[in-house]
Structure formats: C-alpha cells, structure tokens
Amino acid sequence: MSLKNALQLDRVSKSFDGFKALSDASFTARWGEVHALLGENGAGKSSLMNIAAGLYAPEAGALFIDDNPVRLTGPRDAMRQGIGMVHQHFKLVSPFTVAQNILLSMNQSALRGFYDHKLAKVSQAISQKSEELGFGIDPRTRTDRLSVAEQQRVEILKVLLAGAKILILDEPTAVLTDDESNRLLTTVKALATRGAAVILVTHKMHDVMRYADQVTIMRGGKTVATLAPQSVDLSKLVKLTVGDTDSARSVSEPHIRGAARLVITDLSSAQTTTQASNGVLRGVNLTLHSGEIYGIAGVGGNGQTELANALMGFGAPTCGDMLLDGQTQLQSLTPTERRAQGIAAIPADRYGAALAAPLSVADNYAMGQIHSGRYGSFGWLNSRKIAADTTKAIEAFDVQGVRSIHQKAALLSGGNAQKLVIAREFNHPPAIVFAHSPSRGLDVRAMGAIHARLHAARAAGAAVLLISEDLDEVLALADRIGVMSSGRIVVEFNQPADRQAIGQAMVHHV
Amino acid sequence: MIISSALVFGLLISALILVAAGVSASDLFNEFVLYTLFDGQSLRAVLFQAAPLIVLGLAGALAFRARFWNLGLEGQMIWGAIAATAVSLFEIGPPSLRLVLMFIAAIIGGLMWALVPVLLKLHLKVNEIISTLMLNYIAVNFLLFLLYGSWKDPRDSFPYSPQFKSFERLPNIFDGVNLAIPIALVIALLVLWFTRISRAGLYLRFVDSSPGVAAAVGVPVQRVILLTVLFSGALAGLAGFMVSAGQEERLTHSFYLGYGFSGILIAFLARNQPIAATVVAVLVATLFVGGRSLQVYYQIPFSMVQLIQAILVICVASSDFFIRYRIRRIQSEA
Amino acid sequence: MEIISSWVGNIPDLAVPFALAALGLIVTERAGVLALGAEGLMLVGALFGVGGYLLFDSTGIALLLAMLAASGVSILFAVMVLVLRINQVIAGLALVFFCQGLTALLGILFGWASHPVSGFEAWTLWPLSELPIVGRLFIQNPVVYLTPLIFFAVAIYLNHSMSGLKLRAVGENPQAADAAGIPVLTYRFAAILAGAALIGLAGAYISVLSTKMWIEDMTGGRGWIAVALVIFARWSPWRAFAGAILFGSIEALIPQLAAAGVRLPQYFVFMTPYVVTLAVMIWVALPKRDQNKPDQKNQPDALGEPFIREERR
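Residue numbers (the numbering used here), protein chains in the order written: chain Z, 1 to 510; chain U, 1001 to 1334; chain E, 2001 to 2313.
So here's chain Z without its partners, still in its complex pose:
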C-alpha cells in the first residue's frame, strides 16, 4: 500500500509549568487509515493531539499536512486546514437543538439568507450526513435530551460538516457502552475507507486491536513505537503501553489480615437515568478487612468517583448495603459521625472536598478533632492547643513549606496539601481509611511519603480501601486488588498479581 501522509508531527516537545509533557514525540497519520494513539493516562496523547488541533503551540518540532510544513495559529486555523478534533468534553450549548449548535460553529459567510433559511439548510445537511453515517440524529432535537453517545455523534457531525478531512477523536469510547463503541468505531472506520484520516486517541487495547490500521504507542511523553496492531499479539501491546517495569512488590513486612470491617453488598446508584455506562454504580460487592489494603484498579470513569463519594459521605444517594462491623449502615452516618467511628477520608479533590483553600493551615487541621471537644467547648476555641497540635502534626507528617500555621492552605504545594489532609485524618490512628487517588499529581518523594503512611496504617491494623487509576500505585500498595469496570468489581486478584492480567481485565469488560 502506498498511502499518502495526511498529518505528520515531527519531534514535538512541550512542557507545562516545568513538567515535560512531550519530548521529541513523532507521529504520522495517513489518508485512508484509522490510526490509534495508545497510552496510559498522562502519557501525553492528549497534549500531542491538542498541538495537532492548534490548541497548544509546540516548543520544538514541526507539523506537516500533506507533507507541507504548517504553523497553526489556533483551533479555527486548524479547522481551515481540515483538522477537526472531537474533545472528551463536548462543547455543546445544551438547550440548543442539534441544528442550532452546528449552525453556530459553521462558517457563516458560506451560508446565505435569513436565519431560518440558514437553519433549514444546515438541518438538511445534518440529516443527510447523519443518514449517510447511520447516526440517526434528528437536527431538531435539543442536545441536552441526547444521550452521551448521541452528543458525541453531534460533535463528529459538527467537525465533518465544517469540512474536516483529518478527524481526531480524543478517548471517544471512554464514555460509551460496548455496543455504542463498536457502532462508533465501525462508522469511523468507514469514514477512513472513504479517504479521510482518522486519529483515535485511546487507552483501550480492545479498540486498537479491532479497529486500527496503525497504532502509535506513547509512554511518558515519548512515542515508543508505531506498528500495525494485527502484526502483534495483545500482550505485546500491553507490555509496550504499561512499560517493562516488573511488578515486584516493594512491601516487606508480612501482615495479618484481620476481621471483616466493612461489607459492601449490591451498592448501586439510586437512580440510573441515562443509558451511559459511566458515572454510575451497578452493584458493587466487596469486603474490607482490618489489616489489609484493598486496592481498586480500573480505567477512569467506571464508577470509582461515585464509589469514593458514597464511602466518604457526599455525592448522589445510593442503594444497597455498606455495613460497618455488621451493624451500622455507613450511609446513615454524617461526616462527623464517620470521624467518630475512626474513619479517615482522603478524597481525590483536595480543594473541593478536603481543604478550604483560603483558610489557614491551623483552621484546616482543627476540623479533624473539633467535634471531640479537644479544642474547647462551643463558645471557646482553644487556639493555643490548635496551634500546638498543628505544629506537632506538620512536623510529624513532614508537611513542608509551612512558614506559619496561619498561612493559607492554598499556598501549599500539592504534595504538602495532601500531607496536611493525612495529618488531619490520621491524628488519631484511624480504624478505616478511604483513599481516592491519594498521590495524583504528586512528585515521587511525596508519593513515597503518602504510601508509607498507608502502609503504616495497615500495619497498625487499619482497614484501608485505596481507589486509584494509577495501576502502579495499586500494585505497590494493595494486598488484594479488585478491578472496577462499568460500575462493579469484575474480578479480584490476590498478590502477587500479574500486571498483564490486571491490565487486560481493566480493558476487557467481563
């Protein structure tokens, strides 16, 4: 086959706030092909494609379209060059109809006549294209009444009707059910067959194996290989994606698994209004014992956030059981009562659910024990004791960058803010720990410190539930690993677990 190059990125580099997101990444997509860009979260896939779509300007490297060098000034310029990107977060004006949304993003001068006339014209074009692709989209429907899959089709129609020949889809199947995914990818493949260049950004091996003509694998901001997926087997792809690091456990001391503390049975979201598979719980079952770390692995958006919120006591209502020590329903406890039960919560959203950014380190710390009466009665806050405790805690938990305990929590770096959360939650040895992505965005040292805390809690007999999208973290910490997919735990592994097997369980729905 002698397919012509459509889009080429040559040794592109880009860094954000000193963090090197891309270093010398190269990538070539050809006309008539579906080209997958594969990699784990944070491998640099989205950054690379945002450069191709004109959103970011590269620091080094070059971009070619049809082998001609091009400099993009912005997304609209990229659109003019025929590059259209469908982002993970849709840019639809929700109460508008499909036709109105697409009309907004079209080049106005290309259409003549009054508004109603333009709208009719666009509607006609939408119906035609939708039929051609088998999308079944009615241009008169309001976009907020469409399912996620349908909204995605609208976004695709939007870029196609605007004249895109090079179509970039950023994690298009992350929000879709299997059926929807297959339907979408079949359509996309048909588009390529008719001559377009399609780039599929994904971390799902399955999609790559079945639908891509070429795959480029990214890891740590670099493009590590480009090959035809049919020429290799799945395990090779997995290995290339997650790296060669052996799954040797760093854990040393043996531990004794204790009694069951928390038994979760059939935990489901109270209402499942949409058909979309993401963001709901569909019957989670698991048992958490004291003296163990139970790790939940999985691709983001499979219900982990909802599970974490249910455990920590905020978010949408759930049905099913979360039985604490065989007697107390966890759902019925307020955050304060949970704390009194020795439950420590480390939410993923540090400044959205754990720390008040504009308040002082001391204020944030004091909330941990305020209800116990340790810091005085209702009328009197013992600020001296708070100050002493805070000072002691930031020392004990190695929270750095605190010039004064009265400085705002917002001024702490991510790692130190997280250490402050842990200092507060662990001020009494906790009996149960819920940690959601506790080391997200932290550097290696801070991550190590936080992992050591979780280990220490387990050694002291705590029951630790760790939810993380970072497989390395789960592998390094957990004694047992449950893989979460489509809102339930689909399989459990005991350590030592096979990394490849977990990786496959994460991407293959059972």
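In case anyone wonders, no lab produced these hints; they're calculated from the structure. Among the clues, some could well be false.
Below, in silico cross-link-like pairs of lysine to any residue (SDA-like), each with a Cα-Cα straight-line distance of 20 Å or less [as the list claims (entries may be wrong)]:
id: 1; chain 1: Z; residue 1: 121; chain 2: E; residue 2: 2159
id: 2; chain 1: Z; residue 1: 91; chain 2: E; residue 2: 2301
id: 3; chain 1: Z; residue 1: 91; chain 2: E; residue 2: 2178
id: 4; chain 1: Z; residue 1: 189; chain 2: Z; residue 2: 213
id: 5; chain 1: U; residue 1: 1125; chain 2: E; residue 2: 2280
id: 6; chain 1: U; residue 1: 1125; chain 2: E; residue 2: 2286
id: 7; chain 1: Z; residue 1: 408; chain 2: U; residue 2: 1320
id: 8; chain 1: Z; residue 1: 91; chain 2: E; residue 2: 2306
Following the hints, complete the assembly by docking chains U and E onto the known chain Z.
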C-alpha cells in the same frame, strides 16, 4: 495599600463632584476635615452617629460571611424599632426595666424579620436579594401604617409616635454621647468573639470559603447559616432601637433612611472584619455628619452621602482587580 | 361596570414599565450577565426623561435621552463586570446605590424635581375604543402600543436571528461560544447596553408618561420587582409580558377598590406589589412535579459567571 489608594481615589472623585455641585474646595476642606474632626461638638456628633452604623456594619458583615446577601437590614431595623416602641407605647414592664425590655424586643423584632428570608433560602432556595428587599418595602409600609394610624402622636399631625419617656431613652454617659457607643463597642467585641474565638467562627470560616468543603469535613452548614443570619437580623433590630431610643427619642417615619445601604457598604469596605467595620463605621459617620452640614449650609441634598458611598464601593471593588493582577505578576516573576 | 372598564383601562399604564424593564433584563441576562442594577437604571431613565422633556420640550427626544442616559451609566457596570470582573452581585448593587444617589442629587442640582411635564397625548384607536369594557385599552399613549411591537422585535431577534442565537450561546456556554469564534465579551457588552436602554425607557415611562414629574426614588422598587418577574418568567419575553400585565392589573386594582368604596388600610394596599412579588418568588421555588417538562426554558447556564478564556499555551 491598593485598597487605601482606592479609597483616596474615591474620595477625590467625590470631592470633584462636590466642587462641581458648587461647594468651593476650601469650604470643603474646612467643613469635612477641620470642622468635623477637630471640633469637639461635631466629634461628639460623629460618635453619636457612629453607634448604629457600627452595629449595622457588623450585621452586614455577619450575614455576608454566611454567604447570605442580607439587603434587608433596613426592614429588620424598622421591626426592631417598632418592637421597642411597642414596649414603650403599651407600657410593658416596670419603668426600671423598660429600657432593657425595649432592647430585647428590638433584638427579637429584627431577628424575626430575618428569619423569613433565611428559612426561604435554606428550604426553598428563594433568592434572598429579592426576598429581603421586598420585606424592606413591606416593613416600611407597615411602619407608615402605624405612624399615620393608631401610633401617631395625638398632639400634632406629624407621622411620629409619642416621645419616649425619659427612662425609655438611652442615657447620656457624658455630654452629647449616650450609652449607644459603649453598647456598639460591646457588640463589636461580641461579634469578634463569635467570628474569631467561638467554634461557630471556625465553622463560619469554612462556610464562607467553600460550602462544599465545609459539608464534607463535617460543618453543620445549614445551622451555621441560620444562626449567623439571625444574629445579623438581631443586630439590625438593635440598630433600629439605637436610632429611635438614642437619637430620635421616638419612632419616626424616616429614621431608617440611608442606614441599610450604609451597613452593607461598611461590611464590604471592612472585608467583613469586625474591628475594621467599627473603624469604617466611624468614617461613614463622619460622612453623615459632614453631609448634614453640607445640606444645611450649601443646600447639597443628603443623597450626596449615598453617592459618595457608592463611589467608594465601586473604587474599592475595582481595586480587587489590581490586587489580583499584581499577585499574578508576582507569581509569574517568581 | 364602569369600575371594571376603568380598571382595565389603567392596566397598560402600570404594566408597561414592568414589561419594558423585564425585557431589558432578559436581553442582558440571556447573555449571561446578572443584571441586578435595574432599579438604578430605571431611576436614571426617569430623571433624564423629565430632564430631556424640560430641555427640549419634546416627549420623543425625552424618551430617547432617557434610553441613552441609562445605557451610558450601564457602561460603568459593563466595565465593572466584564473588564474588572467584579462579582456581578456586588457590581449590580453598587450600580443601584450609585444611581439612587446620583439621580437624587442631579434632580435637585439641575432643578428637574417637581416640574410637571405633559407627555404624549393619548391615541384613540377607533373603532376598537368603542368596545364595551376593553374600550379604554385603545385610548392610550403611543408607547403602550409600541411595547408589544418591541417585545415582538426582541423575541424575533432572540429566537430567529443569527446574532440572537450567538447571544444566547454566550449566556448558556461561553466556552463553547468562544470555541465557535463568537466574541463573548463584545456580545455581553452590547447586551448590557441594549438592556439598559430598555430599562431606561421603562423608567422614563413612569416619570414622563405616567406620573408626569420627577420625584426622588420614584421607582419604589419596581426595578427589583422586574428582576423577580424575570425569574418568574423563566427568561422568556412573552411570559414576562404576561407577568407584567398581571402585576399591572394588581396595581391598577388598588385605586379602583378605593373608588368602589372598599375600605382598606392604605398602607396595606401599598404593600400589595411587594407581597405579591414575594409570593411569586416562593411559588416559583416550590418543588414542581413537572420539573422536566420539555421546553421549559430555565435560567441561562452561565448567568452571573465571568468569562475567562481557557488559557492557550
């Protein structure tokens, strides 16, 4: 630093407007700076004026800290004054306790009028800006109903209640300054205690900075908002008592004019800090006193005072932008 | 019979200011800007309407000047919320207080207070004016007849023009609008000015055509009622029109009841519009069974949120 330059800038604009309105620059200086600040009598007038303003500023600061736009200070003030006057008119309690009873009645009156919008907000999410403002108009009309009706002083035709008896007025502590000022200072300390020293203060800081985080870490958000807004309403009611029992010595049809807005302004300029609110209230009182003499000697309408206050708010609010801008620059340079 | 007919005849005069002010608010708020300043802008319109009449002796010029003055003052608000990104609630309140002080001051300084103006002659639409009961609806000043036309024009603009579509996109999802190449801040700026012109006209209607005189603080909370009316109308022009008629009818009823000999305490009667507003706000807030009924146009998604472009690196 930027805030004080914003204040100075706002005052300069106001001075320019006054000069344009026909007050000569030297008169302005004499009137405001020399006369108001260095004349004993007018200094006493300023303190006299400052007392209710301090309490209203604190009332505003409390509500805003609970993220509640209490624009109903005026209505709560009116109900406080009505309740206090009722105690006087119906001669409730022995004379020796009358003033204390009026004090308590005023607090309850203001509190009740704040209870309505806060419950509507907490239970039905009714926008408190509209509800508190509507309740103001309702309170004003009720006040007029009383004063043009059964509460009118039978001795003349003005819409005033009969004068309070001597034991129903706030006593002077020294010439020209009555008990209102020490009460206001005690209230300031009380608010300081509430916001800084009590546990409610810690809760309130969490509610103010982020209701989501507050709920997640175990702050009883709804109860804190309810308590704080009721406190705010109680203080506004008390301010109504101070103006009627301390200054006008009767219930009048216009005693509240200009106060509601000033309370909001003071809270805003003081960034909801109790001590700062006390200081700003004294400055605003100076503006009130100066404004009255401008009204008398230059026929400048008293609304000038409101205009100046609004200009100050706009200047200080705008200065936030420059503060943010400077922080960004410092951060990007670092 | 006579009472009903004169009641009906008085409704337009009282409904038009609510209607025009609410329409101005809708234009601004549909672009995502929370417009709490209506009370102040109405006062500016009311003062400059009378001023314009006294200066130029022409009602038409007076109304134009009122609209221009309100738009001019709203530039201050636009700069506060769009450029300096001040909290839109604070900026709106500051605008009201500023306008209250300014108009009270200027009314006296320019000597525009308490001078009667004559306004427009009523136009009689014969033969409609001869109809029983509703006949007096057709003996009104020209602005009354113009108001439904303005509503029609604005409704067409919002729902059937390219520019209107963009304006609404800016109010619903400014990030998406920006991605589609719509100049978000320009649209918001224009929406603030245009809305202010309508609100100014509403104010001038009260002073020039209704009361026929400038009195300090004469709008008496009608601007705030209009804000509530917009919430009640769920940001739809025609529902706001209906709501304005409802409020106008209630206000118009007051003198009729007195004329009919119903003895009501005067000040309780004066409270009615505010009590009704409060009741309406509560009614709107009550949980509804048909919450997800199709075609309910609720609050613009981005109302009150400043637009900050996602940083492009």
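**Request:** Below or equal to 20 Å on CA atoms is what counts here, so check residue 408 of chain Z against residue 1320 of chain U.
**Result:** Given that 20 Å is the threshold and the Cα spacing comes to 18 Å, the pair holds.
**Request:** Given the hint that residue 189 of chain Z pairs with residue 213 of chain Z, test it: the Cα-Cα distance must not exceed 20 Å.
**Result:** At roughly 9 Å apart (the allowed maximum being 20 Å), residue 213 of chain Z and residue 189 of chain Z satisfy the hint.
**Item:** residue 1125 of chain U paired with residue 2280 of chain E [C-alpha distance capped at 20 Å]
**Value:** Measuring from Cα to Cα gives roughly 13 Å; hence the hint holds.
**Asked** Is the straight-line distance between the alpha-carbon of residue 121 of chain Z and that of residue 2159 of chain E 20 Å or less?
**Response** 17 Å, holds
**Asked** Taking 20 Å as the top limit, are the C-alpha atoms of residue 1125 of chain U and residue 2286 of chain E close enough?
**Response** Between residue 1125 of chain U and residue 2286 of chain E the Cα gap is close to 9 Å, so the pair holds against 20 Å.
**Asked** Within 20 Å, alpha carbon to alpha carbon, are residue 91 of chain Z and residue 2178 of chain E?
**Response** 10 Å, holds
**Request:** Given the hint that residue 91 of chain Z pairs with residue 2301 of chain E, test it: the Cα-Cα distance must not exceed 20 Å.
**Result:** 13 Å, holds
**Asked** Does residue 91 of chain Z pair with residue 2306 of chain E here, judged by a C-alpha cut-off of 20 Å?
**Response** With a Cα-Cα distance of about 18 Å, the restraint between residue 91 of chain Z and residue 2306 of chain E holds, given a limit of 20 Å.
Of the hints listed earlier, there is not a single one the structure fails to meet.
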